[in-house]
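Undergrad: Below are the chains, spelled out letter by letter.
Number of protein chains: 4
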Amino acid sequence: MQQVRVGLIGTGYIGRCHAIAYAQAPVVFPLKGQLVREMLAEVTPELAARQAESLGFNRSTGDWRELVADPAIDVVDICAPNFLHKEMALAAIAHGKHVYSEKPLALSTRDAAEMVDAARRAGVKTLVGFNYMKNPATQLARQIIARGEIGEVVHFYGTHNEDYMANPATPLDWHCRKDSAGLGALGDLGAHIINMAHYLVGSRIASVSGDMQTIIGERPDPREPSRLLPVENEDQAHALLRFESGVMGQIETSRIACGRKMGLGYVITGTKGCISYTQERMAELKLYRHDDDQGRQGFKTLLVGPEHPDYAAFCISAGHGFGFNDQKTVEIRDLVDGIAAGSPLWPDFEEGWRVSRVLDAIALSAERRQWIHVEEIN
Amino acid sequence: MQQVRVGLIGTGYIGRCHAIAYAQAPVVFPLKGQLVREMLAEVTPELAARQAESLGFNRSTGDWRELVADPAIDVVDICAPNFLHKEMALAAIAHGKHVYSEKPLALSTRDAAEMVDAARRAGVKTLVGFNYMKNPATQLARQIIARGEIGEVVHFYGTHNEDYMANPATPLDWHCRKDSAGLGALGDLGAHIINMAHYLVGSRIASVSGDMQTIIGERPDPREPSRLLPVENEDQAHALLRFESGVMGQIETSRIACGRKMGLGYVITGTKGCISYTQERMAELKLYRHDDDQGRQGFKTLLVGPEHPDYAAFCISAGHGFGFNDQKTVEIRDLVDGIAAGSPLWPDFEEGWRVSRVLDAIALSAERRQWIHVEEIN
Amino acid sequence: MQQVRVGLIGTGYIGRCHAIAYAQAPVVFPLKGQLVREMLAEVTPELAARQAESLGFNRSTGDWRELVADPAIDVVDICAPNFLHKEMALAAIAHGKHVYSEKPLALSTRDAAEMVDAARRAGVKTLVGFNYMKNPATQLARQIIARGEIGEVVHFYGTHNEDYMANPATPLDWHCRKDSAGLGALGDLGAHIINMAHYLVGSRIASVSGDMQTIIGERPDPREPSRLLPVENEDQAHALLRFESGVMGQIETSRIACGRKMGLGYVITGTKGCISYTQERMAELKLYRHDDDQGRQGFKTLLVGPEHPDYAAFCISAGHGFGFNDQKTVEIRDLVDGIAAGSPLWPDFEEGWRVSRVLDAIALSAERRQWIHVEEIN
Amino acid sequence: MQQVRVGLIGTGYIGRCHAIAYAQAPVVFPLKGQLVREMLAEVTPELAARQAESLGFNRSTGDWRELVADPAIDVVDICAPNFLHKEMALAAIAHGKHVYSEKPLALSTRDAAEMVDAARRAGVKTLVGFNYMKNPATQLARQIIARGEIGEVVHFYGTHNEDYMANPATPLDWHCRKDSAGLGALGDLGAHIINMAHYLVGSRIASVSGDMQTIIGERPDPREPSRLLPVENEDQAHALLRFESGVMGQIETSRIACGRKMGLGYVITGTKGCISYTQERMAELKLYRHDDDQGRQGFKTLLVGPEHPDYAAFCISAGHGFGFNDQKTVEIRDLVDGIAAGSPLWPDFEEGWRVSRVLDAIALSAERRQWIHVEEIN
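Protein chains in written order, with this note's numbering: chain A, 228 to 605; chain B, 228 to 605; chain C, 228 to 605; chain D, 228 to 605.
Same shape as in the complex, but just chain A:
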């Protein structure tokens, strides 16, 4: 069986989640390739060695450039801060590696486009970590839509709200700076809901009318809390959308939405039914069918189970639950199988670039106070 040897860069928040999923994936799924946790890069050799030990990687390095150049690596997994994604991905591609990058793909659409081109020219496979679409409940939603169970989609409403920056006393961090994060809530959270919209509606977003605000304009300097530093990007944004299919949509994103801990959600209305979902109850999906008997119509709460995509590999009993890292495990199954079998991966860098275009279009629309065609963004 072909080996798929992974080099992981970065072991912070999401890097650890990747590591948990790497450990779990080969037991959960009958993978098409032999997944090898080959090498791990961190900012110092010591930290790298310690993390390799605890996360189960064979080797480690304090220099990510060494990792991307290592001949025993097949795929480079980028979990480093956003502003490094581009440089790392291009370097990995230059060495002929497949690349698996966390979202957002890059700080700008232009950068993303460069990455797409490089990957295409090199013929390597790419995958972006939009893990929420790998959740069985959301895969089920897609399946229900694709099978026509709610008729033709007529409206999409999506949110990705969280409250991690809701407290004005929370110090400024990289999320709030243009040079390290690019966009604010749009880039960090909105990216997920745009990808979700593409996936679920099955059509690309064609044009947008957006608006956005920075609510907390200054935050304490983390090194000297009595000093306030300016927040450089938006705390909240929302937009009207039109998909290429003509479907109307609406999205909303915020990092200061008090009360939302994992407020990704969607309501998708069709001509014959409706789907409603919130990631805070990630193992259930609400489904309404307008052709149910009179007096017996209503939203039905479906608990995910073995009849639904990718659930049975974790547990064969319905309603027993599904966890955050389990989504990453599905994503990694896709990664390994795609590389081993030579089949396409999705969401790939191109999708990452498309998402970036929509986000930039929303920001531009908010600035210009007018509708923007996504294809105008380059």
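What the hints contain is simulated information worked out from the structure, not anything from laboratory work.
Treat the hints with caution; some may be incorrect.
Heads up, the list lumps identical chains together, so a pair's fine if it works in one copy or across two of them.
In silico lysine to any residue, SDA-like type, Cα no more than 20 Å apart, as pairs [claimed, not checked]:
| no. | residue 1 | residue 2 |
| --- | --- | --- |
| 1 | Lys499 | Asp520 |
| 2 | Lys499 | Gly522 |
| 3 | Lys259 | Gly429 |
| 4 | Lys259 | Asp290 |
| 5 | Lys405 | Tyr391 |
| 6 | Lys499 | Arg523 |
| 7 | Lys259 | Glu293 |
| 8 | Lys499 | Asp519 |
| 9 | Lys259 | Arg292 |
Go by the hints and put chains B, C and D onto chain A.
TA: Positioned in the frame of chain A, the structure of chains B, C and D alone reads:
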């Protein structure tokens, strides 16, 4: 005690609800005036007589012009189809009557403005039937916001979606024609959520970017079902809002939103908390406070009770429920008390006109594909 | 049309609710008789006169004995404290009046039996105010069961928990004394859930194994708060049940169940489905059908609407809500129609007596620590 | 670092879950010992080899006796069918191995007692797989109770209902036979809720009054579906409980409860608050505090997060979810840490035996129709 003698025009859907509330109000509340169900008008004398008998009115007439001119009437209650509101209200005002009209106030902002002017010049009181804001749960929401319990409002999201026209086989009716209804979902349902936005946010909507669609373009002719007639107004609409206070908002309305039976709802985010509500669970309000203890944060489900506005008059035990017509009963208490005590009524015709302006601004924005300042609409 | 002239005794909590429903009923329903609010009795002539004025009754009296003897009264409605039910009902029956009594019917099964006998001998109609079973959602539940939509019932779980006595500082009142209330939580709340069990399961309770406790043994004397008085009956109780049909059941009741404001609820499991309900969301019913398609099974939330029993008279749109007093309005419709049409009323005194037997059986079982056959209670 | 070398017997449903958790645990947690997936036993050498390969175990065997005798095994993990638990555990103990067994510990209380004695005499550590109590939400519930946040517990209500045998056409399997399963729903599901009651209430169950039924008396022979075989144990059971502390409790369990996919749940009422939970929403807990401000009382939905026990190791953001196998991962952390550090494990075999006593007491009580003291069961 001063009498408040009501003349009711129209006893269809909402007219019957008014009648139920008129019967209930004097027992529920210690009214400041003596409510008298004096006269009722319907399209024929026979129907009027029958309805007066069953709804408890003293007299009846087949001619609404007789009713508005009757000297024993203090307030004219207009529950006739929308396209008649203006004519009836102006006639009632001409006779010096106070006017209580169902929403939408008129078919156009221009008509609404005329009604506002006439009422102002005549010095009569006016009230528009935006009954949902009279519900204790929503009054509580307003109270929570006004007291600063969720900090400063930073975002408003509101919907009023229903599915009464979701079935394409449902014949065309007056809702779908411009001459009888004016706008579609916006006028019939959206009006409520705009009024709600004004009430809850405590600031007027200043500008909008809207979009709308007619999904079911043709419907059966009710008199000859094999023939299809064109639907003349929108099935669904949504918009971005900016309030005068600078707050960002978003609304959505549809009459074909499969699954929504009474899908009026709102999520109001503040700097210190959040409120979430759906009219389908009209006796509960969800409240989140960001300053709750770490690990003990979460949305709390408040069941309305005697501590909340206007609940105790119906029942002195919390959580025992509140009904649709009970909202109208509160509205009628406001009407009778305002007239008897000579105090202001709200939402009055001016608010009806303001709501109309916002709706027209959304429609115009959808057409022009640009933001519209509400004050441009006249 | 035949008149049904009501004499109401007592205008406290529930008496006011009756009055609201009397006002509403003739407008909501096309009653079979002409409902007349004829006379009202309170503890003093002054209070009676004031209440008659505000509640819309023609005449009043400070002596309930005068009311029950009045020739212009057809039905006596007893909303006085529990310990007076028997005396008033027997007096009313002696004058040949129909009797509509609030629950619990009497302080003991023996007293209830006497009332049943008296009514039967006099040939008068009786009705007990178990209003929760008149709610459209619960009528729908009964309909679903009776039609076999969930197969054969195999388990009943019911609660009626509230927290009105949860605070130990709440002074002792009549609820806590044997001479005024009889049983504690069982009599005040448990009565409803026993009636509900009979109604929904469609079979009588045959035997019980019960347990109960007084958690707050002493409470402040309302006249001298520093003095503590003993609580004489149970704060909470629960029981296993066997119905005559063999079905297993379980009930629970408490007046100190922190968090439950109107915690009447039930889960009824059948061989092909399940129904779940809580009165705190009194306008919705959850329904599960095991024969739904694989992967599309789940509890469906039905919002009550015009297709369901007794909803359309209040509002013709689904999901628009239903209130506490609306249940009483349905009950009063039953009362008036039954008397006017000479048809049977239910739940009648016999059902009140049956409920009392079950409650006494639970209390006896708790004392003896053994199963008790309900028919042993007399 | 000390090694903890595991020998896993059985890789069916729950064995696979263990394997997933073994893979995940060392990455998720900083374990106190080095977890080694040493050996795996299945019914044939071929199957064992295949499973060892896919589940990441070093060695395999077709003979579990070989595994329990292997000198390189520190702890034997028994995931074989229930009727084998005793024999395997005694053999493992005889070889001085620690034992980690799935529930129920044994087919009878007598057998469980024998296992407890053997383990105690051998001085080995034991753990029973009551994984639901390892869930952060339930650990949080325990913490809330232990800290007195809901006052003194006054009532426990618990269920573990599922519907895996609800269809009468489902063939008879080992669950339905006394020789392979012992009790029915009580043994398979009820065991969890009894353990949960002990854990959460913090007091042991002292006496019970139970009832039970076999609803589907015959099922198809799996080898010859046209032939029906008798079901030998109960489909559903419920019981009243008294804890040693005097607290009243109630439990319910069923394997034919249509609609319940993972219907483990509890409502725990205290003198100052209430906790409500269902495993179908395993990442949230509802909490009510009676001392909240008037008009601001209500059940609060807490989403598990990093402030709560054992969540942060999986993800550092609140509300991001928690999965079924994650509970097992916490359990395995307890196992490895306990063995490596020489500290006590819980729930141990003694707790397994205590649970068994309660279950047998319920069954005996149902038969004798009387209350049974748990200590009478041996």
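Undergrad: None of the hints should be skipped; say for each whether it holds.
TA: So, going through the hints one by one against the coordinates:
no., hint, result
1, Lys499 / Asp520, "both (13 Å within a copy, 17 Å between copies)"
2, Lys499 / Gly522, "both (16 Å within a copy, 19 Å between copies)"
3, Lys259 / Gly429, "neither (27 Å within a copy, 48 Å between copies)"
4, Lys259 / Asp290, "neither (30 Å within a copy, 30 Å between copies)"
5, Lys405 / Tyr391, "within (18 Å within a copy, 47 Å between copies)"
6, Lys499 / Arg523, "both (15 Å within a copy, 16 Å between copies)"
7, Lys259 / Glu293, "neither (28 Å within a copy, 32 Å between copies)"
8, Lys499 / Asp519, "both (10 Å within a copy, 18 Å between copies)"
9, Lys259 / Arg292, "neither (28 Å within a copy, 34 Å between copies)"
The structure is inconsistent with the numbered hints 3, 4, 7, 9, although it conforms to all the rest.
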